[in-house]
Amino acid sequence: MKNIFMKKIKEEILEYLFREKKEMVSISELKSYFNFENFDEIINSLVIEGKIKLENDFVILTDQGEKEGEDIFEKHEFVEDFLKNIGVPEDFAHEKACEIEHHISEDKLKDIYPLSKLNTGEVGEIVLIRGGKGLIQRLYDMGLTPGTEIKVLRQAPFGPIEISLRGYHLALGRGVIDRIWVKKKN
Amino acid sequence: MGEEKELTIALAGNANVGKSVIFNQLTGSHQIIGNWPGKTIEKREGYLIYKGYKIKVVDLPGIYSFSTYSEEELISRDFIAKEKPDVVINVVDALHLERNLFFTLQLIELEAKLVIALNQIDLLEKSDFTIDSNKLENILNIPIVPTVAIEGKGIEKLIEKCIEIYEGEIKYEPIKIEYGKEVEERVNELIKVVSFDTSYPKRWFNIKLLEGDEKIKKLVRDEKILEIIEKKSKELEEIHGEPISLILTQEKYNLSNKITSEVLIKKEKRVNISDFLDKIFLHPIFGYFTLIISLFLIFYLIFKFGNFVSRYLESFF
Chain A
1 MKNIFMKKIK
11 EEILEYLFRE
21 KKEMVSISEL
31 KSYFNFENFD
41 EIINSLVIEG
51 KIKLENDFVI
61 LTDQGEKEGE
71 DIFEKHEFVE
81 DFLKNIGVPE
91 DFAHEKACEI
101 EHHISEDKLK
111 DIYPLSKLNT
121 GEVGEIVLIR
131 GGKGLIQRLY
141 DMGLTPGTEI
151 KVLRQAPFGP
161 IEISLRGYHL
171 ALGRGVIDRI
181 WVKKKN
Chain H
187 MGEEKELTIA
197 LAGNANVGKS
207 VIFNQLTGSH
217 QIIGNWPGKT
227 IEKREGYLIY
237 KGYKIKVVDL
247 PGIYSFSTYS
257 EEELISRDFI
267 AKEKPDVVIN
277 VVDALHLERN
287 LFFTLQLIEL
297 EAKLVIALNQ
307 IDLLEKSDFT
317 IDSNKLENIL
327 NIPIVPTVAI
337 EGKGIEKLIE
347 KCIEIYEGEI
357 KYEPIKIEYG
367 KEVEERVNEL
377 IKVVSFDTSY
387 PKRWFNIKLL
397 EGDEKIKKLV
407 RDEKILEIIE
417 KKSKELEEIH
427 GEPISLILTQ
437 EKYNLSNKIT
447 SEVLIKKEKR
457 VNISDFLDKI
467 FLHPIFGYFT
477 LIISLFLIFY
487 LIFKFGNFVS
497 RYLESFF
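First to last, the sequence lines map onto chains A and H. Following the numbering used here, the numbering of the first sequence begins with 1 at its first residue and continues without gaps. Following the numbering used here, the numbering of the second sequence begins with 187 at its first residue and continues without gaps.
Hints in this document: simulated from the structure, not taken from any laboratory. Misleading hints may appear alongside valid ones.
Said to hold, decoys possible - Cross-link-like lysine-lysine pairs, in silico, DSS-like; alpha carbons within 30 angstroms at most:
{"id": "1", "chain 1": "H", "residue 1": "K403", "chain 2": "A", "residue 2": "K133"}
{"id": "2", "chain 1": "A", "residue 1": "K96", "chain 2": "H", "residue 2": "K452"}
{"id": "3", "chain 1": "H", "residue 1": "K401", "chain 2": "A", "residue 2": "K151"}
{"id": "4", "chain 1": "H", "residue 1": "K229", "chain 2": "A", "residue 2": "K84"}
{"id": "5", "chain 1": "A", "residue 1": "K133", "chain 2": "H", "residue 2": "K465"}
{"id": "6", "chain 1": "A", "residue 1": "K133", "chain 2": "H", "residue 2": "K229"}
{"id": "7", "chain 1": "H", "residue 1": "K268", "chain 2": "A", "residue 2": "K84"}
{"id": "8", "chain 1": "H", "residue 1": "K465", "chain 2": "A", "residue 2": "K151"}
{"id": "9", "chain 1": "H", "residue 1": "K404", "chain 2": "A", "residue 2": "K133"}
{"id": "10", "chain 1": "H", "residue 1": "K465", "chain 2": "A", "residue 2": "K184"}
{"id": "11", "chain 1": "H", "residue 1": "K417", "chain 2": "H", "residue 2": "K403"}
{"id": "12", "chain 1": "H", "residue 1": "K367", "chain 2": "A", "residue 2": "K185"}
{"id": "13", "chain 1": "H", "residue 1": "K378", "chain 2": "A", "residue 2": "K151"}
{"id": "14", "chain 1": "H", "residue 1": "K403", "chain 2": "A", "residue 2": "K84"}
{"id": "15", "chain 1": "H", "residue 1": "K410", "chain 2": "H", "residue 2": "K420"}
{"id": "16", "chain 1": "A", "residue 1": "K84", "chain 2": "H", "residue 2": "K420"}
{"id": "17", "chain 1": "A", "residue 1": "K183", "chain 2": "H", "residue 2": "K401"}
{"id": "18", "chain 1": "A", "residue 1": "K133", "chain 2": "H", "residue 2": "K367"}
{"id": "19", "chain 1": "H", "residue 1": "K453", "chain 2": "A", "residue 2": "K151"}
{"id": "20", "chain 1": "H", "residue 1": "K268", "chain 2": "A", "residue 2": "K133"}
{"id": "21", "chain 1": "H", "residue 1": "K444", "chain 2": "A", "residue 2": "K133"}
{"id": "22", "chain 1": "A", "residue 1": "K133", "chain 2": "H", "residue 2": "K453"}
{"id": "23", "chain 1": "A", "residue 1": "K185", "chain 2": "H", "residue 2": "K444"}
{"id": "24", "chain 1": "H", "residue 1": "K312", "chain 2": "A", "residue 2": "K183"}
{"id": "25", "chain 1": "A", "residue 1": "K184", "chain 2": "H", "residue 2": "K453"}
{"id": "26", "chain 1": "A", "residue 1": "K133", "chain 2": "H", "residue 2": "K452"}
{"id": "27", "chain 1": "A", "residue 1": "K185", "chain 2": "H", "residue 2": "K242"}
{"id": "28", "chain 1": "H", "residue 1": "K465", "chain 2": "A", "residue 2": "K117"}
{"id": "29", "chain 1": "H", "residue 1": "K465", "chain 2": "A", "residue 2": "K185"}
{"id": "30", "chain 1": "A", "residue 1": "K67", "chain 2": "A", "residue 2": "K21"}
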């Protein structure tokens, strides 16, 4: 039980450092933000694991730590977007995402990409669409409802892509295809 | 001339399905038909006299849905719901049945009296698929006329079906679109509460209220009723975890998917010409070559032929 809790706190710290990457974060700042009694112990073990470095009074992510922080950050964003999309209120979605992010394994997220990441000829099933109500309603009206299979037919470099779904072809702009998340099918 | 009966027919359907062609076939007006989606945003009207009937034909803009995200959609739905044309010809692209049926279902929900023109049936014959139009007719319980608009095939039958519907010779009872129990219960409860008269069909009006359609909501001025609507929408969103309009859109698509899979029959595999040409013209490398070659040909023709013509013209002076 304690281990799970430790893992969670460590991930939170890495994620926080990743978010604040551009700013230098001092130890005291971090300590007051997390306000946790075993704080020094955790920082020490993160240093030993080679995920952070301490320089003067500042905490700096190593390459490995940055990668892990980014992973957690991405999971968080994904979960938060997902929750918002299914109608969970914003602040609550953020809070819940903070909890859920630690519990999803890599491989569950592995096959879910924005549509733009799919190569020509690949097939995906729509998982969710991010965006305002107007955009989502529009795409639903065109038949892009969750669960629909879409196939990428053609991609113009930096330009729109052509997909096929429900027996017809549709061209979508880059801005839109990044908002459509699909589960890749083999 | 004896007494002429007047009726109004509207043409509705997705963009690029051949509505304008059918419009021209019906009215005989000479317009240039381009390929710009939504180009018929202005209301186009024409008249036709057929067997003693004076028929007014209105061409509605090509749209995919009746949600209010564009002017075209608003124009169309208000025309159908408020001006109540006697018959609406729903032009359906036989090649893209599923997406077109989604729109047909919305027209049914809007309680328009429909005749379906199953257009471009000739192109379908050339494709890998065929449609069992009798079965489709039975499922929807709406008269279906296969047409090839550019050749004028099926146009006369279309007019005749419209007149039959107008005269009540065909019993018009289309398929009922029903949603889940939770939605149906609330719609029925709302119908009892929202008792004032609108020109919109009752069921449709109340469904739109539940969906939170802004334009429709504005028609309700009673604060108390608005509160009830708000409460019911909230309940539904909590049950499904999604905005209601999206749930209903999904359900309609599921239905059109189901119908499509029942009536669309796959034939033996044949090479689709359009796909074959796409392979050449839209190829990442060869595509550019075909572009250059065709541009070259165009310029070559302009200068060579143009030169010839201008020299010929010059000889006059």
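Evaluated hints:
Distance hint between H:K403 and A:K133 is fulfilled; the C-alpha atoms sit about 17 angstroms from each other, no more than 30 angstroms. Of the pairs offered as hints, the one joining A:K96 and H:K452 is violated, with about 47 angstroms between alpha carbons and a cut-off of 30 angstroms exceeded. Between the alpha carbons of H:K401 and A:K151 the distance comes to roughly 36 angstroms, so the proposed pair goes past 30 angstroms and is violated. With a C-alpha separation of about 40 angstroms, the suggested pairing of H:K229 with A:K84 is violated against the 30 angstroms cut-off.
A C-alpha spacing of about 36 angstroms is found between A:K133 and H:K465, which places the hinted pair above 30 angstroms, so the restraint is violated. The straight-line distance between the Cα atoms of A:K133 and H:K229 is roughly 29 angstroms, inside the 30 angstroms bound, and the hint therefore holds. For the hint linking H:K268 to A:K84, the alpha-carbon distance of about 37 angstroms lies beyond 30 angstroms, and the restraint is violated. Among the hinted pairs, H:K465 with A:K151 is consistent with the structure: their alpha-carbon atoms are about 16 angstroms apart, no more than 30 angstroms.
Of the supplied pair hints, the one linking H:K404 and A:K133 holds, its CA atoms being roughly 19 angstroms apart against a limit of 30 angstroms. A distance of roughly 24 angstroms separates the Cα atoms of H:K465 and A:K184; the hinted pair therefore holds under the 30 angstroms criterion. For the suggested pair H:K417 and H:K403, the alpha carbons sit about 14 angstroms apart, so the restraint of at most 30 angstroms is met. At roughly 33 angstroms between alpha-carbon atoms, H:K367 and A:K185 are farther apart than 30 angstroms, so this suggested pair is violated.
Proximity of H:K378 to A:K151 is assessed by CA-CA distance (about 45 angstroms); at most 30 angstroms being required, the pair is judged violated. Taking the CA atoms of H:K403 and A:K84, the gap is about 25 angstroms. The hint holds against a cut of 30 angstroms. Proximity of H:K410 to H:K420 is assessed by CA-CA distance (about 15 angstroms); at most 30 angstroms being required, the pair is judged to hold. Of the supplied pair hints, the one linking A:K84 and H:K420 holds, its CA atoms being roughly 16 angstroms apart against a limit of 30 angstroms.
With a CA separation close to 36 angstroms, the supplied pair A:K183 and H:K401 exceeds the 30 angstroms bound. Taking the CA atoms of A:K133 and H:K367, the gap is near 25 angstroms; set against the 30 angstroms cutoff, the hint holds. Annotation: proposed proximity of H:K453 to A:K151 holds, straight-line Cα distance about 22 angstroms (limit 30 angstroms). Proposed proximity of H:K268 and A:K133 is supported: the alpha carbons are some 27 angstroms apart, at most 30 angstroms.
As the CA atoms of H:K444 and A:K133 are separated by approximately 26 angstroms, the hinted pair is consistent with the 30 angstroms bound. Proximity of A:K133 to H:K453 is assessed by CA-CA distance (about 40 angstroms); at most 30 angstroms being required, the pair is judged violated. Distance check on the hinted pair: A:K185 and H:K444 sit about 22 angstroms apart at the alpha-carbon level, within 30 angstroms; holds. Note on H:K312 and A:K183: the hinted pairing is violated, with a Cα-Cα distance of about 34 angstroms set against a maximum of 30 angstroms.
Restraint check for A:K184 and H:K453: satisfied, since their Cα atoms lie roughly 29 angstroms apart, inside the 30 angstroms limit. Between the alpha carbons of A:K133 and H:K452 the distance comes to roughly 37 angstroms, so the proposed pair goes past 30 angstroms and is violated. For the suggested pair A:K185 and H:K242, the alpha carbons sit about 51 angstroms apart, so the restraint of at most 30 angstroms is broken. For the hint pairing H:K465 with A:K117, the CA-to-CA distance comes to about 22 angstroms; that is within 30 angstroms, so the pair holds.
Restraint check: the Cα-Cα separation between H:K465 and A:K185 comes to about 24 angstroms, which is no more than 30 angstroms; the hinted pair holds. Restraint check: the Cα-Cα separation between A:K67 and A:K21 comes to about 12 angstroms, which is no more than 30 angstroms; the hinted pair holds.
Hints 2, 3, 4, 5, 7, 12, 13, 17, 22, 24, 26, 27 from the list above are not met by this structure, while the remaining hints are.
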